[in-house]
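Participant: The opening position of the sequence shown corresponds to residue 1 in the working numbering, with each subsequent residue numbered one higher.
Some hints could be false.
Claimed, not checked - Pair by pair, the computed Cβ-Cβ distance ranges are:
{"hint": "1", "residue 1": "E143", "residue 2": "M53", "range": "33 to 43 Å"}
{"hint": "2", "residue 1": "T159", "residue 2": "P19", "range": "42 to 52 Å"}
{"hint": "3", "residue 1": "G30", "residue 2": "L134", "range": "28 to 38 Å"}
{"hint": "4", "residue 1": "L5", "residue 2": "A147", "range": "12 to 22 Å"}
{"hint": "5", "residue 1": "R37", "residue 2": "G132", "range": "33 to 43 Å"}
{"hint": "6", "residue 1": "P12", "residue 2": "D56", "range": "26 to 36 Å"}
{"hint": "7", "residue 1": "G154", "residue 2": "D34", "range": "34 to 44 Å"}
{"hint": "8", "residue 1": "R155", "residue 2": "Q27", "range": "18 to 28 Å"}
No lab work stands behind these hints, which were simulated from the structure alone. Note that CB positions come from ideal geometry on N, CA and C, so glycine has one too.
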Amino acid sequence: AGQGLEFLRSTPMAQSNDPKLQALARQIVGSETDSYRAALAISHWVYHNLGPMASDPRPITALQVLAQGKGDCTDHALLMATLGRVVGLPTRMVSGLAAIGDHMYYHAWVEAYVGEWVEIDPTWGEAGVDAGHLALGRSALDEVSFARMSLDSGRTMGTLSLSVVEWH
């Protein structure tokens, strides 16, 4: 998969053409020209400024996430991806499973294109993701790909069994 325009455009969910989101993204990134450092700055801001909230599946937009000031992992990922698009970073949301202790939970994070696709977890403040993150679907944050990503992840409910064979 390339870094095509579908990962840069404004969508009804990721309103990167909104003046409020544009001003915020430019404030966060400032004069940084390195795309990876810009992505990390955005993730850091989201991690430190968006409070946690129990998962509450519902349609939501980046502007709504910013206004409520808190969110679940999907909200964190959506806001980070949208702010990245404002400053020219191709972004997509990833849904899958992530390990917390010895259990796997549904989770969402971001991939940003910075010369290559890198995974960043703004919910947990991680500059990369470890083997405890298992991607099941990706979305360009339009309605169709978001629904497909959700369906790809949802299909695993009650059907996927994972066992840790070895851990270093």
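Participant: Of the hints stated earlier, which fail here?
Facilitator: Violated hints (numbers, rising): 1, 5, 6, 8; every other hint is consistent with the structure.
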